[in-house]
Every structure is written in C-alpha cells, then in structure tokens.
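As a plain string of letters, each chain reads:
Number of protein chains: 2
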Amino acid sequence: MGLEAERIVTYGQSQRKKQLMAAALANSTLSTNCDPPGNAQSGHWSFKSTALAIFLLSTCFFQINKASNRDTVNVNDTSAMLIQLATQIAATTTLPCSGHGYLEFGGTKQCVGTCKCYECFGGVDCSQVIHSCVIDLDHGDPTMFEEFWFRHEVSSITVILGYQRMSYFAQSKHVWFMENELELQIRALHEVVGNAVTEGRHIVVGTGSTQLFQATLYALTSPDQPKPTNIVSAAPFYSSYPAVTDYLRSALFKWVGDAAKFSLGVEREEPYIEMVCSPNNPDGRIQHAIVNGTGHVVHDLAYYWPHYTPITEAADHDIMLFTLSKSTGHAGTRIGWAILKDEKVAKKMMKFVELNTIGVSHDSQVRATQIVKSVVQGYAYSSASNLGIETQTLSSRSLSEHVDNNKLFHFGASVMHYRWRRLRDSLSGSSEFSIPEFQPSYCNFFQKQVNHAPAFAWLRCRKVVDCEAFLKENRIISRSGRHFGVGTEYVRLSMLERNQKFEMLLSRLARIDSSRTPD
Amino acid sequence: MGLEAERIVTYGQSQRKKQLMAAALANSTLSTNCDPPGNAQSGHWSFKSTALAIFLLSTCFFQINKASNRDTVNVNDTSAMLIQLATQIAATTTLPCSGHGYLEFGGTKQCVGTCKCYECFGGVDCSQVIHSCVIDLDHGDPTMFEEFWFRHEVSSITVILGYQRMSYFAQSKHVWFMENELELQIRALHEVVGNAVTEGRHIVVGTGSTQLFQATLYALTSPDQPKPTNIVSAAPFYSSYPAVTDYLRSALFKWVGDAAKFSLGVEREEPYIEMVCSPNNPDGRIQHAIVNGTGHVVHDLAYYWPHYTPITEAADHDIMLFTLSKSTGHAGTRIGWAILKDEKVAKKMMKFVELNTIGVSHDSQVRATQIVKSVVQGYAYSSASNLGIETQTLSSRSLSEHVDNNKLFHFGASVMHYRWRRLRDSLSGSSEFSIPEFQPSYCNFFQKQVNHAPAFAWLRCRKVVDCEAFLKENRIISRSGRHFGVGTEYVRLSMLERNQKFEMLLSRLARIDSSRTPD
Numbered sequence: 001m002g003l004e005a006e007r008i009v010t011y012g013q014s015q016r017k018k019q020l021m022a023a024a025l026a027n028s029t030l031s032t033n034c035d036p037p038g039n040a041q042s043g044h045w046s047f048k049s050t051a052l053a054i055f056l057l058s059t060c061f062f063q064i065n066k067a068s069n070r071d072t073v074n075v076n077d078t079s080a081m082l083i084q085l086a087t088q089i090a091a092t093t094t095l096p097c098s099g100h101g102y103l104e105f106g107g108t109k110q111c112v113g114t115c116k117c118y119e120c121f122g123g124v125d126c127s128q129v130i131h132s133c134v135i136d137l138d139h140g141d142p143t144m145f146e147e148f149w150f151r152h153e154v155s156s157i158t159v160i161l162g163y164q165r166m167s168y169f170a171q172s173k174h175v176w177f178m179e180n181e182l183e184l185q186i187r188a189l190h191e192v193v194g195n196a197v198t199e200g201r202h203i204v205v206g207t208g209s210t211q212l213f214q215a216t217l218y219a220l221t222s223p224d225q226p227k228p229t230n231i232v233s234a235a236p237f238y239s240s241y242p243a244v245t246d247y248l249r250s251a252l253f254k255w256v257g258d259a260a261k262f263s264l265g266v267e268r269e270e271p272y273i274e275m276v277c278s279p280n281n282p283d284g285r286i287q288h289a290i291v292n293g294t295g296h297v298v299h300d301l302a303y304y305w306p307h308y309t310p311i312t313e314a315a316d317h318d319i320m321l322f323t324l325s326k327s328t329g330h331a332g333t334r335i336g337w338a339i340l341k342d343e344k345v346a347k348k349m350m351k352f353v354e355l356n357t358i359g360v361s362h363d364s365q366v367r368a369t370q371i372v373k374s375v376v377q378g379y380a381y382s383s384a385s386n387l388g389i390e391t392q393t394l395s396s397r398s399l400s401e402h403v404d405n406n407k408l409f410h411f412g413a414s415v416m417h418y419r420w421r422r423l424r425d426s427l428s429g430s431s432e433f434s435i436p437e438f439q440p441s442y443c444n445f446f447q448k449q450v451n452h453a454p455a456f457a458w459l460r461c462r463k464v465v466d467c468e469a470f471l472k473e474n475r476i477i478s479r480s481g482r483h484f485g486v487g488t489e490y491v492r493l494s495m496l497e498r499n500q501k502f503e504m505l506l507s508r509l510a511r512i513d514s515s516r517t518p519d
Numbered sequence: 001m002g003l004e005a006e007r008i009v010t011y012g013q014s015q016r017k018k019q020l021m022a023a024a025l026a027n028s029t030l031s032t033n034c035d036p037p038g039n040a041q042s043g044h045w046s047f048k049s050t051a052l053a054i055f056l057l058s059t060c061f062f063q064i065n066k067a068s069n070r071d072t073v074n075v076n077d078t079s080a081m082l083i084q085l086a087t088q089i090a091a092t093t094t095l096p097c098s099g100h101g102y103l104e105f106g107g108t109k110q111c112v113g114t115c116k117c118y119e120c121f122g123g124v125d126c127s128q129v130i131h132s133c134v135i136d137l138d139h140g141d142p143t144m145f146e147e148f149w150f151r152h153e154v155s156s157i158t159v160i161l162g163y164q165r166m167s168y169f170a171q172s173k174h175v176w177f178m179e180n181e182l183e184l185q186i187r188a189l190h191e192v193v194g195n196a197v198t199e200g201r202h203i204v205v206g207t208g209s210t211q212l213f214q215a216t217l218y219a220l221t222s223p224d225q226p227k228p229t230n231i232v233s234a235a236p237f238y239s240s241y242p243a244v245t246d247y248l249r250s251a252l253f254k255w256v257g258d259a260a261k262f263s264l265g266v267e268r269e270e271p272y273i274e275m276v277c278s279p280n281n282p283d284g285r286i287q288h289a290i291v292n293g294t295g296h297v298v299h300d301l302a303y304y305w306p307h308y309t310p311i312t313e314a315a316d317h318d319i320m321l322f323t324l325s326k327s328t329g330h331a332g333t334r335i336g337w338a339i340l341k342d343e344k345v346a347k348k349m350m351k352f353v354e355l356n357t358i359g360v361s362h363d364s365q366v367r368a369t370q371i372v373k374s375v376v377q378g379y380a381y382s383s384a385s386n387l388g389i390e391t392q393t394l395s396s397r398s399l400s401e402h403v404d405n406n407k408l409f410h411f412g413a414s415v416m417h418y419r420w421r422r423l424r425d426s427l428s429g430s431s432e433f434s435i436p437e438f439q440p441s442y443c444n445f446f447q448k449q450v451n452h453a454p455a456f457a458w459l460r461c462r463k464v465v466d467c468e469a470f471l472k473e474n475r476i477i478s479r480s481g482r483h484f485g486v487g488t489e490y491v492r493l494s495m496l497e498r499n500q501k502f503e504m505l506l507s508r509l510a511r512i513d514s515s516r517t518p519d
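If you read the protein sequences in the order shown, they are chains A and B.
For the first sequence, position 271 (counting from the first letter as 1) is numbered 271 according to the UniProt record's numbering, and the numbering increases by one without interruption.
For the second sequence, position 385 (counting from the first letter as 1) is numbered 385 according to the UniProt record's numbering, and the numbering increases by one without interruption.
None of these hints come from the bench; they were simulated from the model.
Some hints here could point you the wrong way.
A pair holds if it fits inside one copy or across any two, identical chains being indistinguishable in the list.
As the list claims (entries may be wrong) - With a straight-line cut-off of 20 Å between C-alpha atoms, the simulated EDC-like cross-links for lysine to aspartate or glutamate are:
1. Lys254 / Asp425
2. Lys227 / Asp246
3. Lys227 / Glu267
4. Lys347 / Asp246
Build the full structure now, drawing on both the sequences and the hints.
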C-alpha cells in the first residue's frame with residue numbers, strides 16, 4: 001500500500017482529520033498508480049478489483065486511524081479515491097478549518113494541508129476571531145450557502161472522469177454548447193419554485209448572467225443602426241451595468257443611466273434597452289419597466305428566489321436572466337441562464353456566447369446539473385419513507401431535521417429572515433443609519449405571508465455625507481451609492497457572507513451608532 | 001439497499017455494463033440518501049461508515065452482476081458513489097458505445113442509459129459504420145485524446161463536493177479568480193515540455209484562449225486613443241480573429257486583415273497589434289512577426305506542443321497564449337492561459353476577465369489542475385519502481401506499455417505522425433489535392449529530429465475553384481480558405497477527430513481522387 005504518515009500542523013481530533021480529507025477532494029491527486037492494467041477486462045477483473053477495493057478501503061482506514069493518533073493524515077495517491085469515498089460517507093457536521101478557512105495543499109504532498117484562514121480569523125484551525133480586522137462586504141459573495149451544501153456534500157458531489165466532456169460540443173445538439181441534462185434540471189427547478197414560466201420558452205446557458213447580459217445587448221442591437229442603442233435602468237441600478245456596457249466602447253450600445261431621467265414622462269421613439277432588476281440590486285425593491293416607449297426590456301431576476309423575496313407569480317417576460325450564484329450559492333461555477341420567448345433572440349445570444357467564449361464550461365454545466373438536481377430532489381424526497389438507508393441509521397429526531405435540511409430555500413429563507421430580524425433590531429431607533437422598509441406579501445412557494453429579506457442591506461447614513469468612507473473608518477468595506485447612480489449617503493452591504501462575518505457587522509454597526517452605548 | 005433492476009436496450013457483455021457505469025459518472029445522481037446523520041462525528045462513526053462502505057461496495061457489485069445477467073444496469077442513488085469507485089478501478093480498455101457514441105440518461109432513471117451515436121455510427125452500441133454519412137471536419141475538436149484519457153480516467157478524475165469552490169474568489173488572492181494550484185501545475189507543465197519560459201512571468205487564466213485574445217486587445221488599447229487600433233495577422237490567419245475582433249464594433253480596435261498587405265515593407269507608425277499564431281492555424285507553419293513598426297505582437301501558441309511540432313526553443317515573448325483544448329484535448333473545459341512579461345498588461349487582462357465573465361469557472365480550474373497534474377506526473381512517474389501497486393498486478397509486458405501510456409505527448413505525437421504518414425501516402429501523386437510540405441527539425445523534448453504533424457490538414461484543390469463545395473459534394477465538411485483570408489481553392493480539415501472518422505476521410509479522399517481507382 002505504501003501509505004506513509006506525514007507530519008502536519010497539529011490536527012488534534014479525528015473530526016479535524018476527516019475535515020482535512022473532505023477538503024482535500026477538490027484538488028487531491030489520484031495518481032496513475034490507480035490505473036487498471038491496460039488489458040484488464042470482463043467480470044473476472046471486476047470481481048478481482050472489487051475484492052481489491054474492499055481490501056484497500058479497510059487498509060486505508062486502518063492506516064488513517066493509526067495516523068490520526070499522531071495528529072497526521074496522509075491521503076496516498078493509490079488510496080485517495082477510496083478515502084474520498086469513505087470521507088464522504090463519514091462526513092462531519094462542521095466545515096474544515098472551523099468554517100473560517102480552507103485547506104491549502106502542497107504540490108507534492110498533495111493531501112497534507114494547512115488551514116488558510118479567511119479574513120478576520122486566525123489560529124491553526126482558524127477558530128480565533130481577529131476583532132480588529134477589516135470586514136469586506138463589497139461583493140455579494142454567497143458563502144452563507146456553504147453550510148447547507150456541506151451537509152449535502154454527497155448528494156451534490158460532482159465526479160468527472162478524464163475522458164468525459166472533452167468536446168466543444170454538448171452531448172445534445174439542441175443548443176450546441178448546452179448540456180441537455182442541465183436544461184431539464186433548470187426547467188424542473190422553476191417548476192418546483194414557481195418563479196418563472198419555462199414551458200414553450202427557449203433556455204440559453206451562459207458563463208454567469210453577466211455574460212448573458214452582454215449577450216442580450218448584442219442580440220437586441222444591430223450593426224446597421226445609425227447610432228448606439230441607449231441602455232438604461234432605474235436608479236439605484238446594479239453597479240455593473242454601466243461598466244459592463246461600456247468597457248469595449250461598442251458602437252452597438254451605450255450606457256445612458258437612470259431610466260427615470262431618460263423617460264421623464266415623454267414617449268421615447270429611439271431604440272433603447274431598459275434593464276429591470278427585480279428584486280433590485282442594491283435595494284431589494286420589486287421593479288417594473290418605467291420607460292414609456294417601444295424599446296426592449298430585459299428582466300434580471302437573479303434575486304427572484306424564495307430566500308430573498310415572496311414568490312408572487314411565475315414571471316413571464318420576453319427576456320429573463322437567472323444565475324446559479326444567487327439561487328444555490330455557487331458563484332464560482334459561473335453558470336447563468338436566460339429564459340426567452342423569441343427564438344431569434346436565443347440564436348443571437350448563442351452566437352454571442354460562441355464568439356465570446358466558444359460556449360460554456362461543460363464541467364461547470366455538469367456540476368450545475370448535479371447541484372440543481374440536488375435542490376429539486378430536496379423537495380421531491382422530503383418524506384421519511386424516501387430516505388432509504390438513512391431511516392435505518394438516523395434517530396427520528398435527526399431524521400426530521402434531515403428532512404428539513406434537504407430544502408435549500410427553507411434553509412436560505414430561515415437564514416435570511418433571521419439576519420434581517422437581527423439587523424432591524426440592531427438598527428431600530430438608530431440615529432446613524434436607516435434601512436428600507438418592506439411590506440410582506442403572500443408567497444406562493446411557502447404558501448403564507450412572507451417578508452422581504454434582500455441579499456443586500458441598502459444602508460443610508462443619516463448624518464454623514466460619505467457613508468462608505470465613514471464605514472471604512474470603522475473597518476467595514478461597503479460599496480458607495482455613487483456606483484449605483486445615487487448619493488454617497490447610501491452604501492450596499494452584502495447579507496450573504498458567512499455567519500461570523502455577519503455577526504461582526506452587527507456588533508460594529510451597533511458600536512458605531514452614537515445613540516447607543518458600546519457593547 | 002433498494003437496488004432495483006431496470007430494463008434498457010440490450011447491453012450484452014459485462015464489459016458494456018462497465019462502460020455504461022463509467023460513462024454514467026459525469027451526470028449520475030447521488031441522492032441525499034447518502035447523507036450521513038446530521039449529528040454523526042468522531043472515530044466511532046468513521047469506523048461504522050467504513051464497515052458500511054465495505055458492505056455497500058460488495059452488495060452493489062453483487063447487485064450489478066445479477067443485473068447484468070438481464071442486460072440491465074441500475075446505478076441506484078444510494079450506491080452510485082460506490083459503483084463509481086469500483087467502476088474506476090475496474091475500468092475497461094474501450095470507450096463507452098464502442099467509442100462512437102455517448103450514453104444518454106433519463107431525468108428520473110438517472111443511470112439507465114442508451115447509446116447516442118456520433119455522426120457516421122449507428123446500432124445500439126454504435127458499432128455500425130454508416131458509410132453514406134457526412135463527415136464534419138470543420139472544427140478542431142480534439143476528440144482523438146479521449147482514448148488517452150480513458151486509459152487514465154483514475155489519475156485524471158475530478159471530484160468536487162457541493163460546498164467546495166462556491167466563492168467568486170479563488171483560494172489564492174494572487175490573481176483573485178485564479179486557483180493557485182492551477183498556476184503551479186501550468187508552470188510545471190511548461191517546465192516538463194520546455195516550450196515556454198514561465199520564470200518571472202505573470203500567468204492569467206481565461207475562459208479559453210479566445211477570451212484571452214479579447215483580453216489582450218482590451219489590455220493593449222486605450223479609450224483615449226483617436227481611432228481604433230489595427231489588428232492584423234499574416235494570411236492564411238485563424239478564421240476567428242476577424243469575427244471575434246469586430247462582433248461588438250469596438251472603438252478600441254478593428255480588424256484590418258493580412259499583416260503582409262498591412263506592412264508592405266513600409267514602417268508603420270500608427271498603433272497596431274499583430275497576431276502571430278505559431279504553428280499556424282490553419283497551415284501549421286512556424287510564424288514570426290512580419291510588420292515593420294512599433295506595434296504590439298501577441299503570440300498565439302495554442303499548437304506549440306510536441307504532438308504537433310518540434311519544440312525548438314522555450315518561447316519567451318511578451319504575450320503568449322496557450323489553451324488546454326489543444327494541449328490535453330479538454331476543449332469542453334474552456335481553460336486557456338496567458339504568459340506575460342508586463343504586470344500592467346496582466347492587470348488589464350484580469351480586468352477584462354472580471355468585466356466579461358466575473359472570473360473563470362473554478363470547477364474548470366480544478367479539473368484543469370487535475371488534468372495538467374496527471375500529464376506532469378505521467379513524465380515524473382515513468383519508472384516501474386514508481387508504479388506501486390500496479391507492479392504487483394501487471395505482467396512486465398503490459399507494465400512497460402503502461403509506462404509509455406502515461407506520457408500524453410508520446411501518445412499524441414504517435415497518433416499525429418501516424419495520421420500524417422497515412423494522409424501523405426494516400427495523397428502522394430494525387431492529381432486532385434496537395435498538402436504542405438515541412439522540413440523536420442530537432443525537437444528538444446523528444447531529443448531527436450521530428451516531423452511537423454499539424455492539427456489541421458491545409459488542403460489545396462489542384463483542379464476545382466471551390467474546394468469546400470467540391471468536398472461537400474463528397475460529404476466532407478471543411479472550412480474554406482476564404483475564412484482564412486486566402487482563396488477558395490484551399491480548405492482546412494481537422495486532424496484531431498476520433499480514429500474512425502479520420503479513416504473515413506482518407507478513404508473518401510482516395511475515392512475522390514480521379515488519378516486512383518476506387519478502393
């Protein structure tokens with residue numbers, strides 16, 4: 001077996017050891033040692049290798065347990081895959097590095113890792129809080145979802161063999177670069193959530209919805225037009241719209257700005273594209289087209305999911321954009337999709353994706369398929385009778401927890417509503433800050449009245465002129481209102497960060513607020 | 001266990017059954033049934049689950065063997081992961097669906113698949129050749145590498161758990177969206193091959209080198225310049241350069257065309273960017289900058305790998321572009337990289353990738369890391385003593401085969417040189433077609449004189465004016481010379497397709513050639 005023990009920075013408990021292995025998966029080495037003989041075939045070998053696998057599996061664990069007594073872990077190439085398997089089965093309920101860091105692995109000693117802590121955390125296992133740190137809430141990085149997916153790492157595992165998905169072409173030629181299975185799962189997801197009509201609609205996948213935003217600008221304009229088409233959106237608008245529209249100085253389209261100023265009650269006769277982000281980034285409000293004219297409207301529905309807002313209807317607009325990052329939290333996978341009524345628009349958007357990146361990563365599509373399927377099944381498999389083998393190993397209490405835990409939007413909504421309650425409590429009667437108020441609405445998904453719980457806190461400083469600078473003095477990084485087409489008294493703060501970071505935000509806001517005594 | 005057998009179209013041999021499972025991996029479902037108890041922890045549970053794993057593993061195989069007797073396979077959610085494991089160990093030496101198709105899986109019956117055959121093949125297992133079919137060689141789809149990676153599916157497996165790589169940000173902040181481990185492996189690959197200097201250079205990853213080509217245009221131009229920068233390349237030039245340069249009608253740059261016509265011996269004083277693709281797509285020739293002026297030069301070295309051309313030096317230009325698709329064959333992964341001398345250029349290219357797609361798929365980066373690492377190790381682990389467990393199970397003959405089989409560039413070069421010999425033989429003395437001649441050079445990588453074996457055959461029709469139309473009449477799809485800035489007597493044909501498709505090309509070209517009697 002050649003399993004040798006390696007010394008690493010102290011990893012006391014066997015639980016840590018398992019975390020180490022779990023985190024090792026995404027970049028662990030599986031050496032060619034694992035290769036079968038070139039001439040291996042038939043049931044005989046399959047029997048032989050099964051026996052071998054069982055032997056290896058038990059041996060690996062014997063080695064690991066032995067190793068763990070010496071605070072060491074070694075995921076040897078030969079048995080890495082088997083340890084991965086056992087790791088997934090023996091997964092723990094806590095994230096690696098106390099949930100405040102990731103494991104970094106050396107080039108040669110692949111699976112001997114050390115904790116690299118996220119901002120604000122320290123110590124060998126990242127359990128120490130650095131209270132003096134700077135809290136960066138500039139981006140809407142949806143890391144709060146890690147907790148859910150850690151609990152469902154097995155249902156959401158993605159495995160791709162070296163020879164799979166090598167071609168430029170998807171295994172379905174419907175959209176040449178789009179995996180047929182992903183389209184099916186996206187349609188199933190909207191069916192479960194009821195937030196968009198997909199029947200009879202075209203779906204085009206993109207490298208995140210940012211690529212699809214540019215694809216719509218390309219699809220809705222023409223090189224034959226006399227001048228660039230005006231791109232507008234009601235302020236406060238998503239801060240990326242202006243930069244992404246103008247960075248290449250295209251003659252096809254140009255950013256104009258606030259749709260309200262562009263409209264001003266008059267009927268617009270020239271071509272334009274109005275971006276309607278609803279719920280709105282940054283302020284979470286439900287939006288509708290406001291320009292009076294015959295231009296195009298693109299609905300950016302990245303945040304129209306039950307964890308952020310009541311689902312009041314199945315959206316049915318000409319062009320709707322969605323993204324994996326704000327629905328399941330997988331921002332790093334860079335997958336978005338457009339739901340389209342017009343086939344000509346779909347074809348031109350596909351052409352853009354072809355010219356821009358020659359299609360969309362098939363690995364990301366395979367993973368997105370797995371993730372979305374896991375979400376859909378979380379709602380399909382929510383009765384104990386469907387839990388199969390788990391029912392034999394779970395106590396009835398943890399079983400019911402398990403059932404609830406399968407539901408992504410229930411998890412997301414509970415976290416977001418809890419955070420918004422905490423934020424409103426900590427800012428109630430604040431003399432320094434105010435946040436938007438929302439009226440609850442009936443949510444067809446949860447089948448009850450539900451409050452809005454936006455992905456961002458749109459904070460207004462009551463006293464200071466430059467709210468971003470004011471927060472920065474207090475070691476909180478936010479995005480100023482000026483990026484969103486409004487005044488500097490506003491800032492956008494992400495509500496999607498990991499728990500401890502959110503808690504630190506609350507305590508700092510409370511400390512800042514002069515109307516309160518410091519905690 | 002709840003493993004129920006499902007009826008599928010006839011899969012006679014147990015080998016086919018294993019192919020079915022192997023191909024099932026990339027989109028098989030792993031249900032939440034596999035989740036551990038929410039409160040599971042500690043060595044006790046890890047012992048329990050190891051025992052469980054061994055139990056499942058054996059049970060799965062018992063079930064599968066039983067199933068196979070009825071020509072059926074069912075990868076049940078609960079045991080899918082264990083079957084994956086066993087499948088990888090028991091991998092066969094042939095691709096699924098006879099290597100001429102892929103397995104399609106239904107939405108609910110996840111791992112009950114049927115063969116969907118590639119063009120020119122039919123039958124339930126895609127073993128039937130359809131001689132009347134149209135052979136599409138328009139794209140450089142590098143599917144010939146599937147054979148290599150199928151043999152190394154274990155060393156090149158990618159496993160990503162649901163909670164991993166969720167953030168927009170890479171785990172290294174060096175380049176905010178680039179995985180540190182990928183950069184290390186890319187540098188190691190160039191070290192092994194010796195085709196590019198990376199020491200002291202900046203590396204920026206992109207969504208394929210097409211995105212990085214656009215990133216260089218953005219990085220080397222400025223909105224302050226009076227008019228668009230001229231983009232040129234010596235004809236015949238890569239057919240995508242014009243379209244990708246002009247599709248957004250940017251005011252920053254515009255396609256001008258043939259660098260030879262642009263230059264015409266005079267010194268150019270206005271800004272320009274010369275694209276130097278070497279070896280050249282489409283004709284495989286080694287290229288150098290030809291414009292006389294102070295403009296920028298971008299070296300597109302997508303094909304500067306030992307399977308296509310002799311490695312005569314470690315390239316050391318200001319801006320060099322490489323791509324995974326033409327080096328390892330993983331086109332669907334959409335990963336390219338730029339090697340850069342100037343940090344300012346690197347930063348502007350990163351800005352482009354940020355605006356264009358908010359970074360690069362982290363799943364693709366994780367997979368690219370695994371694939372490149374496997375290639376590097378194929379050259380590191382090439383002595384029998386390093387083969388570990390294999391040495392116990394392999395005959396000395398298959399062992400030595402195994403050692404050679406570990407070397408990607410040895411595999412690639414042997415296939416490409418064989419194909420070029422076959423092509424030259426079949427066209428020798430042809431009255432219809434001619435192909436370029438090359439002088440062999442000393443290859444530092446193979447340490448001997450090596451012939452050129454380009455990824456494309458740049459075919460010239462001796463008699464007809466429109467070679468593309470002529471080939472189309474004979475059911476061969478090619479790309480006309482007009483797309484490459486030259487005459488229609490030329491066409492580009494991919495040499496990177498799967499074996500049978502290449503063999504069909506040869507027999508058709510021979511049949512076409514009036515100077516021969518039909519085979």
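**OP:** Give the relationship of lysine 254 and aspartate 425 under a CA distance limit of 20 Å: within one copy only, between copies only, both, or neither.
**Re:** For lysine 254 and aspartate 425, the Cα distance exceeds 20 Å both inside one copy (42 Å) and across copies (56 Å).
**OP:** Give the relationship of lysine 227 and aspartate 246 under a CA distance limit of 20 Å: within one copy only, between copies only, both, or neither.
**Re:** both (14 Å within a copy, 16 Å between copies)
**OP:** Please work out whether the CA atoms of lysine 227 and glutamate 267 approach to 20 Å or closer within one copy, between two copies, in both situations, or in neither?
**Re:** This pair counts as within: shortest intra-copy Cα distance 19 Å, inter-copy 35 Å.
**OP:** Check lysine 347 against aspartate 246 for me: Cα-Cα at most 20 Å, and say if that holds within a copy, between copies, both or neither.
**Re:** Intra 23 Å, inter 18 Å, cutoff 20 Å: inter-copy only.
Against the hints set out earlier in the document, a violation occurs for number 1 only.
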